[in-house]
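Student: Spelled out from the first residue to the last, the chains are:
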Amino acid sequence: MSGIVRWLALALCLAASPTHAETLSVALSRDEIAIGSSFTGTRLSLFGVVERDENTVARPGAYEVIVAVRGPDKQVLVQERMRRFGIWVNDAGELFDKMPSYYGLFSTPGARALIEDDNGVARRLSLAMLGDGDGARERHRAALAEQHRAHGLYVEELDGVEKLSRTFFRTEIPLPPLLADGPYRVFVFLYAGDTSVAQTELQFKVHKTGFEQRVYEWSRTTPLFYGLGAVALALFTGYVGGVVFRRG
Amino acid sequence: MTLYLPIAEMPVSILLVLAMGAAVGLISGLFGVGGGFLMTPLLIFSGIPPAVAVASVTPQIVASSTSGALSYWRRGQVDFKLAFLLIAAGSIGALAGAKLFAALGSLGQLTLVIAISYTIFLGAIGGLMVNESVRAMLRARAARRRGEALQPMRRSATRGWIHRLPLKIRFRRSKLYISVLPVFALGASISFLGTLLGIGGGFIMVPALIYLLKVPTSVVVGTSLVQIVGVMAIATVSHALASQSVDIILAFILMLGGVMGAQIGASMGQALRGEHLRALLGLLVLIVGVRFALNLVLPPETLFSITTLAP
Numbered sequence: 001m002s003g004i005v006r007w008l009a010l011a012l013c014l015a016a017s018p019t020h021a022e023t024l025s026v027a028l029s030r031d032e033i034a035i036g037s038s039f040t041g042t043r044l045s046l047f048g049v050v051e052r053d054e055n056t057v058a059r060p061g062a063y064e065v066i067v068a069v070r071g072p073d074k075q076v077l078v079q080e081r082m083r084r085f086g087i088w089v090n091d092a093g094e095l096f097d098k099m100p101s102y103y104g105l106f107s108t109p110g111a112r113a114l115i116e117d118d119n120g121v122a123r124r125l126s127l128a129m130l131g132d133g134d135g136a137r138e139r140h141r142a143a144l145a146e147q148h149r150a151h152g153l154y155v156e157e158l159d160g161v162e163k164l165s166r167t168f169f170r171t172e173i174p175l176p177p178l179l180a181d182g183p184y185r186v187f188v189f190l191y192a193g194d195t196s197v198a199q200t201e202l203q204f205k206v207h208k209t210g211f212e213q214r215v216y217e218w219s220r221t222t223p224l225f226y227g228l229g230a231v232a233l234a235l236f237t238g239y240v241g242g243v244v245f246r247r248g
Numbered sequence: 001m002t003l004y005l006p007i008a009e010m011p012v013s014i015l016l017v018l019a020m021g022a023a024v025g026l027i028s029g030l031f032g033v034g035g036g037f038l039m040t041p042l043l044i045f046s047g048i049p050p051a052v053a054v055a056s057v058t059p060q061i062v063a064s065s066t067s068g069a070l071s072y073w074r075r076g077q078v079d080f081k082l083a084f085l086l087i088a089a090g091s092i093g094a095l096a097g098a099k100l101f102a103a104l105g106s107l108g109q110l111t112l113v114i115a116i117s118y119t120i121f122l123g124a125i126g127g128l129m130v131n132e133s134v135r136a137m138l139r140a141r142a143a144r145r146r147g148e149a150l151q152p153m154r155r156s157a158t159r160g161w162i163h164r165l166p167l168k169i170r171f172r173r174s175k176l177y178i179s180v181l182p183v184f185a186l187g188a189s190i191s192f193l194g195t196l197l198g199i200g201g202g203f204i205m206v207p208a209l210i211y212l213l214k215v216p217t218s219v220v221v222g223t224s225l226v227q228i229v230g231v232m233a234i235a236t237v238s239h240a241l242a243s244q245s246v247d248i249i250l251a252f253i254l255m256l257g258g259v260m261g262a263q264i265g266a267s268m269g270q271a272l273r274g275e276h277l278r279a280l281l282g283l284l285v286l287i288v289g290v291r292f293a294l295n296l297v298l299p300p301e302t303l304f305s306i307t308t309l310a311p
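From first to last, the protein sequence lines are chains A and B. First residue of the first sequence? That's 1 in full-length UniProt numbering, and the numbers climb one at a time after it. First residue of the second sequence? That's 1 in full-length UniProt numbering, and the numbers climb one at a time after it.
Mixed in with the good hints, there may be bad ones.
Below, simulated EDC-like cross-link-like pairs (lysine to aspartate or glutamate); rule was C-alpha separation at most 20 angstroms, straight line [unchecked claim]:
(1) A/74 <-> B/9
(2) A/74 <-> A/217
(3) A/205 <-> B/9
(4) A/74 <-> A/146
(5) A/205 <-> A/32
(6) A/208 <-> A/94
(7) A/208 <-> B/132
(8) A/205 <-> A/31
(9) A/98 <-> A/146
FRET-style restraints, in silico, Cβ to Cβ [unchecked claim]:
(10) A/75 <-> B/128: 38 to 46 angstroms
(11) A/244 <-> B/144: 34 to 42 angstroms
(12) B/46 <-> A/47: 37 to 45 angstroms
No wet-lab data here; the hints were simulated from the structure. Just so it is clear, the structure is predicted and the values come from calculations on it, not from any experiment. In this text, a Cβ means the ideal position worked out from N, Cα and C, and glycines have one as well.
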């Protein structure tokens, strides 16, 4: 019992100690992205400032910032094509249960080693580590990442965070046209050398808007009426087309 | 000018989709076919997910067949009893087709099945059509050279096994007394294929009605069109229920293009001879079939195919 109390006291001391007194304040240019009829992708700006209280020890090196953006998870089936009986067919494939539909990783150039080195402290954030890395699935995982990267859904810009001053930084998050809707989580990590000194999290939402949203919801909530509506529209268009052009 | 498609969840160029609709409409007006067999592949090759392409072409086929069906109806060239039996049988085929379609989608095998089916059906039918129309052209040329009028093709007078089946009913308009079994089999199988592949199936139905059921040519096209409107309407609802991949916006733009193109095609068609039209159509069908065959045989660009399933 006394052991636990001692540990608790120690933990409280550490938390209150002045060596951990940096705080991160970050803000996004928008916290909602609306997908309307003319949506062809957009960019989001993130601004952040490092605040230090007066007791904070001066750090010899510069601060490095890493920003990770994660879109809603999706289930993805990755199949390898192979030649069977002279034609190319898909095999049964590997199922990835929770792959982010969007993943963006941005950092100050100085944090590159933290992400890219095999034993870098932020290695787990790197695009190469997304999904599980066990042997047989690795090729499937890499193919999935490659396709998402080609669509602009997986982005890694290790010099994407720009330092405007020693404590003030900004980055641009590119969001491509094929964006899934749902909540997006943004994680911001502050490093001094190898040490994580602060981190914070914020969110933005991507959603279809107006007509597009109503059509989508209609197709999901009452598919029978959606189907009947499509048929009615087709009959009407066909009829009107016939009438208009018969007179003309 | 781009437009975001809510179900396909991607932006497309309005003008491109409109032009595809008009081009296919022109061809369907020219040859008197629905054009689904061209529209669906065009959408797939232009990057629309196959599931959305097939499911969104079905309402477009409803629209493009409606005005034709109406005008045959006004002229009394529809055997409604036959059409409704075909539609009733077709509803079973459409429901089964949409179920299989949704299942193949979640297995990631839809693209393959569509490609194989298109290769087989378009290849076979295109080949038969080209063969038949080239023979017809050669016969016509030989007859002209001999200075004779062209003899009409002789039909076999013997009644085939189809006419010996039980459960016969009478179709007054078609002046037929035949078993309902082949009517049901035909209706169900063509609508099954049509729902699975995003085609109306008129180019299979019309020859089947003429050669298998011996339906008089005067009512064949009208009856087939009414059947297509009915079956594709059921297919649209089935797809909306089973896979939720009917994109009503995409379908509407295709309809607009198709309606306009069809009128131009219909007036162009007046200037061409029947067997030439059939040869050209056969060639077109064959080319699409070969295009799918090449896709199956040639090494793919990427060795992996990626399908996003439910969240």
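Student: Any hints this thing doesn't respect? Which numbers, in order?
Tutor: 6 and 7
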